[in-house]
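Asker: Those sequence lines, one after another, are chains Y and B.
Going by the working numbering, the letters in the first sequence line up with residues 1 to 154, in that order.
Going by the working numbering, the letters in the second sequence line up with residues 1001 to 1659, in that order.
Hints in this document: simulated from the structure, not taken from any laboratory.
Take these hints with a grain of salt, some might be off.
[Unchecked claim] For lysine-lysine, the following DSS-like pairs were computed, each having C-alpha atoms within a straight-line distance of at most 27 Å:
#	chain 1	residue 1	chain 2	residue 2
1	B	K1584	B	K1606
2	Y	K120	Y	K135
3	B	K1565	Y	K106
4	Y	K135	Y	K94
5	Y	K94	Y	K120
6	Y	K94	B	K1565
7	B	K1296	Y	K135
8	B	K1606	Y	K135
9	B	K1314	Y	K135
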Amino acid sequence: MDEYAAVIATLNHTWFGAELSPETQQRLARLGELQDFEADEVILREGDDAREMGILLSGRLALQTLVPERGPVTILSVEPGDIFGWSAVLADTKAQSTVVATQVSKALVIEGTTLRAALKEDHALAASLYPQVLKAVARRLRSTRLQLLDLFAG
Amino acid sequence: MITSPAQDQAAAASQCFLAREDLGALIDAVRDSGRRLVGPTVREGAIVYDEIQTAADLPVGWRDEQSAGHYRLERSTDDRVFGYTVGPTPWKRFTFPPNLTIARAHRTNTFGFDQPVPDAPPVAFLGVRACELAALAVQDRVFLGGQFTDEDYRARRSAAFIIAVQCTTSSSTCFCTSMGTGPEVHGGYDILLTEIDGGFVIQAGSTAGAAVVAKLPTRRPSHAETGAAVDNVEAVRTGMGEPLPMAGVGDRLKLQLDHPRWAQVAERCVECGNCTMACPTCFCTSVVERSDLDGKSCTTERQWDTCFDVGFAKVAGGDFRARPRDRYRQWLTHKFSTWWDQFGSSGCVGCGRCITWCPVRIDVREELSAIAPPVAPIARPVAVEPVAASPGSYSIARVASIRSETGDTATLTLTDLDPAFLAGRPGQFVMVALPAFPAVPISMSRFRANAIELTIRAVGPTSTALVNLHPGARVGLRGPLGTFWPMQEAYGRHAVVVAGGVGLPPLRGLVDALVANHDRFESVSLFYGSRTPEDQLYCDDLEAWSASKAIDVTVTVDRAGPDWKGRVGVVTTLFDMISWDCTKVTAFVVGPERMMQASVQGLLSKGVPGDRIHVSMERHMECGIGLCGHCQMGGRFVCKDGPVFRLNDLGAMFNREGI
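Based on the sequences and whatever the hints tell you, model everything.
Answerer: Right, dumping it as structure tokens:
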């Protein structure tokens, strides 16, 4: 199995990738680059330009935000199949949180400019990918709302 | 006496006539039989029930005028003794006292809880109307009709000799004909009076009643007199007009839980609780601990309470019925709807007291007409037999050890137990008491060979006292109470346990059982979410369960510092991991109600059937056996019918605001 076939097979086992069309899976696999991260490696810093979007294939990442006097607080972990750096689908945006690998991890990373150009010219790719990105964002929104409620307090 | 149709029939043929001037003979005969006589008398501008010494104490020649928020006594033009309807006093005041000592506890030279023996000297109630007899029958079902009973009520009720009176007048607030309770009396009395010109048609309804009647200067009534008795009562029925359309009102109400009228009526309601105090069937109570200063002896008193009271449904995490509209809806839907589900009858008898004594003139008949609608009958889970079931009665257990779980949570291991506790089932709870502290419900979190474990979070005075006990201390226990997890329903399926925060203790015994029986299931999974890593309970258990390979354990926290390398995110994010055919999942869910709601939504959206999702509900509990009314949730008492419920059985009641 070549590297791309392995990426597609991994994507098919995730909630994010399984609902992408086969053509989209192949296109993303060829658009992106496989990257390995060491534990504790900082992948992206909050406030930096959002230059890349990644799909985590293995390992675990932490999305952290800095709270004065408390230091970095992990607000969500990214598990295999989920995306990080999704702001890169929009031009000229900043990263909303710092992304840190908490374990040795592997991700398919797609450069933002390349991704946006591909989405603009390939409507089938856009029609397949955008709903999944939206689903990922909505999932985080729901999760954040529940976290805001601080249900286990009191 | 307690209703006996056979006695009623046996006495039906023995009607006689008692002249009005001989009513004193009835009073004397009753009192001479050793009974205290309680009946109607005029006091402070109203006809109330109080001790009657002679016929002169009775309200002869008085009539009342009643409407919504209005009550006036005035002189009538005749000398009728019962020419009025019901006043502000319900008979429950004498069968179910407003204040009652239910336990005394001490820990001086000895440690224990003593339950007073019911003291109910013989008493006779004079002037009990048809609606009031119906109300006594309603409370008989509440207090004596179920698995758990109120023995003080039984004693007082059994000691009561009932002299009923058929109504020959009605008020504008009366609606007994709508509720099917009057004006005719059908059983439940020892003696029945129907007032006519010059006296009473009287008949006995029991052997004791016949013995009293035999001592009276009666004569055989004429046809005209018996006919007048029937006609007078019939005239009341006719005068009350068309009955309200009550058939199906319970179902109609259940469909209108979001009706805007709830908010409108709540704007008028001042939540004084008059309606519940005057109501002859309302039975909600609270307990108050009265302790000496060193806490070595105390008295537990039960007091009437009202579901209109702010805080009546409050738990450590908040108030389940925080808004006035929630509390009004609770009262009205209980009376006319969910009471049927619990006790097989309406909770309203149509006496109209709640209308007359409402200071802002809220009329339940108008509210019912404005609000309409139904849900299917409810299947009830079966609970196991508890010990020390009645409030105030406790079985003593010893604290063998205490283990701190988190900063505010500890696990107590209890030994020297009644064997019944060891036979409890995961999901059930016990009421735990210490002298001078109100009893609290605690889930049994683990069952050992000769011990049980209780995991307690210090959120109130009792739970704080419990987590600060030392080995060797003793506690009072009642239980095991409530329903349990139906683990067998998950055989051959994917068993999924979802726990949030301190929702894990009620599930811990289930997880133990799932692990022990893991080969009976397609798979076993635990999803556990807590606030922070420091709030995680049972860290050793989580590791041991994971190591057993019998269960997949996935934990997450809502937030964490940079040192935490595990998952971060609410527990519902873990459902993304589910890759099975979710129609074959049986789920067991416990946590804060909003977390359960999110979890249930997540499971349903994955395709888990609603009848395969089981939840454990939390409500304010005081008695633990369905007698105090605090934990009512729709047609169920969480303590008795729950705490474990099948999601579909809760229907619209699950996670509905204000229930």
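Asker: Given the hint that Y/K94 pairs with Y/K120, does the C-alpha gap stay at or below 27 Å?
Answerer: 21 Å, holds
Asker: Are the Cα positions of B/K1296 and Y/K135 separated by 27 Å at most?
Answerer: Between B/K1296 and Y/K135 the Cα gap is close to 61 Å, so the pair fails against 27 Å, i.e. violated.
Asker: Within a Cα-Cα threshold of 27 Å, do B/K1314 and Y/K135 meet the stated pairing?
Answerer: With a Cα-Cα distance of about 37 Å, the restraint between B/K1314 and Y/K135 is violated, given a limit of 27 Å.
Asker: Compare the distance between the alpha carbons of B/K1584 and B/K1606 with 27 Å, and conclude whether the hinted pair is satisfied.
Answerer: Cα-Cα ~11 Å, so holds.
Asker: Does the structure keep Y/K94 and B/K1565 at a Cα separation of 27 Å or less?
Answerer: Given pair Y/K94, B/K1565 holds - Cα atoms ~25 Å apart, limit 27 Å.
Asker: Are Y/K120 and Y/K135 close enough, with their CA atoms no more than 27 Å apart?
Answerer: 20 Å, holds
Asker: Starting from B/K1565, check that the Cα of Y/K106 is at most 27 Å away, please.
Answerer: 16 Å, holds
Asker: Would the pair B/K1606 and Y/K135 pass a check requiring their Cα atoms to be no farther apart than 27 Å?
Answerer: 15 Å, holds
Asker: Is the hinted pair Y/K135 and Y/K94 satisfied, with a Cα-Cα distance of at most 27 Å?
Answerer: 20 Å, holds
Comparing the model with each earlier hint shows violations of hints 7 and 9; every other hint is respected.
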